[in-house]
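Peer 1: For reference, the chains in residue letters:
There are 2 protein chains.
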Amino acid sequence: MPVNDERIAAMNKAWILVADIGGTNGRFALVPAEVNGNLYEPMLVASEGHLENKPMCQQALTLASKGAPSVLALVQQYLALIPTDFKIIGASLALAGPVINQQVHLINLGWSACASQLSAALNMPVLLLNDFVAYANSVPALDPKQLLTVRAGEAVTSAPILVLGPGTGFGAAVLHPMKQHFVPVGCEAGHICLAATNAEQDALLLHARRQVSVVNVEYFLSGPGLVRLYQAMAELMLREAQSGETPINAIPASLLDSPAAITEAALAGNSVLAIRTLRCFCYWLGQVVSDLVLAHGALGGVVLCGGILPKIVPLIKQGEFINGVMAKDDVRHYLQPVPIQLALNSDTALIGAALWWQQHQLE
Amino acid sequence: MPVNDERIAAMNKAWILVADIGGTNGRFALVPAEVNGNLYEPMLVASEGHLENKPMCQQALTLASKGAPSVLALVQQYLALIPTDFKIIGASLALAGPVINQQVHLINLGWSACASQLSAALNMPVLLLNDFVAYANSVPALDPKQLLTVRAGEAVTSAPILVLGPGTGFGAAVLHPMKQHFVPVGCEAGHICLAATNAEQDALLLHARRQVSVVNVEYFLSGPGLVRLYQAMAELMLREAQSGETPINAIPASLLDSPAAITEAALAGNSVLAIRTLRCFCYWLGQVVSDLVLAHGALGGVVLCGGILPKIVPLIKQGEFINGVMAKDDVRHYLQPVPIQLALNSDTALIGAALWWQQHQLE
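Chains as they are written, first to last, in numbering that gives the first Met the number 0: chain E, 0 to 362; chain W, 0 to 362.
Next comes chain E alone, as it looks inside the complex:
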C-alpha cells in the first residue's frame, strides 16, 4: 500500500474495530474516532441532521466465521490482514447470540466468549453486544430516506421504539429514550407463543403443533417460517378442496420451497396459495406487532426490519398488515397514533456497534 497523505492521516488517528459476526460470516471494519473531552467518538458522516448509513470506515473485510475456532481467532485473523500502523483503541463486536454480562454463547458456531478475556488477549478494551441490538442501535442514526412510512402517526418521544422483523429468525429489540441517546434492549420475542384469533389461524396452528409442542412467533413469522406457513396453508386448502370450499386447481401440483420463490409468486399474483400465504403472513405479523407494542408500551413507534419485508412492500401496504395491527377494538385508540416505518436496509449493525462504543466506552 503506497504511503500517501490519506494514509499518513490515518496513522495519526485513533480507530475503533467494529465487527458483526454471524453463523456464516464476520464483517469487520475500522471506524475513525475523534477525541471529545475524555471520550473517543466514532466519526460518522452527518447528512441532513442524521448520520449516513456508511461510517467513514476503512479496511472493511468479510471473513468466514464457519470453521474458525473462536471469536478471538477471527479477530486476530482480521488484524493480521490489515496494515499494522492503524492505532486501534478498542473493539465493539456484535455477535449472533444473547450477550449477558459481557459474555456470549454462539450456539450455531459452538463458540463462547467474554469481553474481559478478549480484551486481555487483544490488549485493548473490548465491548460485546448482540447483533440485533447492534442493528437496533443504528436505527436512530439512519438517514430518513432509508425508512419507508408504512403508516404515519404521532410518536410519543418519551416512549420506547420497537425494532422488529422476520429474517432468519424473528428479531426484536426495544430502544428506550434516555437524555443523551436511545438505550437498546435485546429480547427473544421470536420465542413467545403465537396466538390464533380466527379459524384459519386455528387450523394452521394445529398443523404446526404436530411438529412442535409450543408454536412460537418465528415458527411462521421468519424466512424459514414463511415456507412452513405456505406448506401448512397448502394442507389447509387441500382439506377445504375436499369439502368443496376451495377449487382443487388452486393448489399447485408441486410446492415452492424457498421464501423468495413464495414472495415472488405472491407478488406476481399467479398463485392463489402463495397470495393467501402472504396475506396470512402479513395479518399475523400485524397482530404480533400490535401485541409487542402493547407489551412494551412502544408509543414511540415501530420500525419493521429484516430481509423479507423490503421485498414485499406492496403486500405490507395492501392492508392485511394494518388490519392485523388494528384488530383489537378495545385498544384502537392506543394503537392508532403509533407510527410504523419499514427499514429498507437491515445491514447497518456495524454503525450500531460503532455507536455502542461511543455510548459504553467508559464502562
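Incorrect hints may appear among the rest.
[Claimed, not checked] Partial selection, computed: residues in chain E whose CB lies under 8 Å from chain W:
#1 Ser111
#2 Val184
#3 Cys186
#4 Leu193
#5 Asp256
#6 Ala259
#7 Lys327
#8 Val330
#9 Leu343
#10 Asp346
[To be verified] Partial selection, computed: residues in chain W whose CB lies under 10 Å from chain E:
#11 Gly166
#12 Leu204
#13 Leu298
What the hints contain is simulated information worked out from the structure, not anything from laboratory work. No residue lacks a Cβ here, since even glycine has one placed at the ideal position from N, Cα and C.
Given the coordinates of chain E, work out where chain W should sit on it, guided by the hints.
Peer 2: Frame of chain E, contents of chain W only:
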C-alpha cells in the same frame, strides 16, 4: 390539633403530596422531603438496607373519586381537609390511566388532566404517572420480607425486571436498570392476544371468542377473568360429561360467581371445577409470564403482584405455574435462571409516587 413539638418540626419541613387515584377512591398523603444538594429527597424509613413499605407519611386520607368532578377538585378537597401549615413543595399523582407526555385520561371517571394545568392551579410543581407504574416503582424499595420466593434463580443485574399480575385487570410494567435507579416503563400487556398451546386452552378460547372478537390476556387472567374462566371451564366439563370423559357430578348445580369464592373452593379442595379452573389459571399465567420475559429480555427477574396471587400462594407453588413458565423447550436455558418472586402487598403505589418525585423533580 394541638401545636406540639412534632407539629412545629413538621411546619419547618418540606412535604411532597403523593396520591394514588383510581376509579373508586383516591388515597392521599404527605411525605417529608429532605434537601440533598439542590434536590428534595423524600424521607423513607430505611430498614435492612431497603426502605420500609410505609414512608413517614402524614395526613393519610382516602377520598371518594367516583362522583368528584376532576383530579384538581379531588386534590383541592384533600388540601382543604389538612392543616394549612404544611409547606408542600410539589405533588406526585399516580392515576389509573395511561400517562402520555404528562397528560392522562381516566376512562372510568371520564376525567382528563395535564400536569402543567394542575401545576398552575395548585401553584406547585406536579408530576403525573400511571398507578401501576407507581406500584412497579416501589418494588425496588420494598423490604425483602414482603417478597415471597416462588422460584430462586440468578438475576442479571443489568437486565430489566418484569412486574406483573392479575388484579382488576392485568397490570404490567418493566423496570429498566439505570446507573442511579430503576426506570419504570408502563405497558398494556393485559391487552395482548392470549395464545392457546393445548386442547383445553383451545376449547376455552373458542368459548371466549363467542363473547369477544379478540381474546386478550386479561380476559381470563384477572379477577373478573377468573370468573369467566370458571364459567368456560364449566361448559367444557359439561361437554366432556356428555361424551363420558368427565363424571357429571364433577360439575356443581350452581356456579360460583366471585374470584374469592372460586379461589377458596379450589384451596379447600372441595370443587373439581374450581381446582381445574385454578390449575388452568396458574399454567396459563406461567405461559404469559414466560412470553413477557422473552418479549422484554427480563433476565433481571419477575415480580408477581396484584390482589389475587397472594391469596393462592399454595396453588402458585404447586407446579402448574412453573410448568407454564417452562413449557418452551427451546428456551429453557434462557428462562431457567430467571428468579420469580411474589409481592405479598400490592398497595405500595404511594411509595412509588414519592420515589418518582425524587427521580423526576428536575424535569
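Peer 1: May I ask which of the numbered hints given earlier this structure violates, with the numbers listed in increasing order?
Peer 2: Hints 1, 5, 6, 9, 10 and 11 are the ones this structure does not satisfy, whereas the remaining hints hold.
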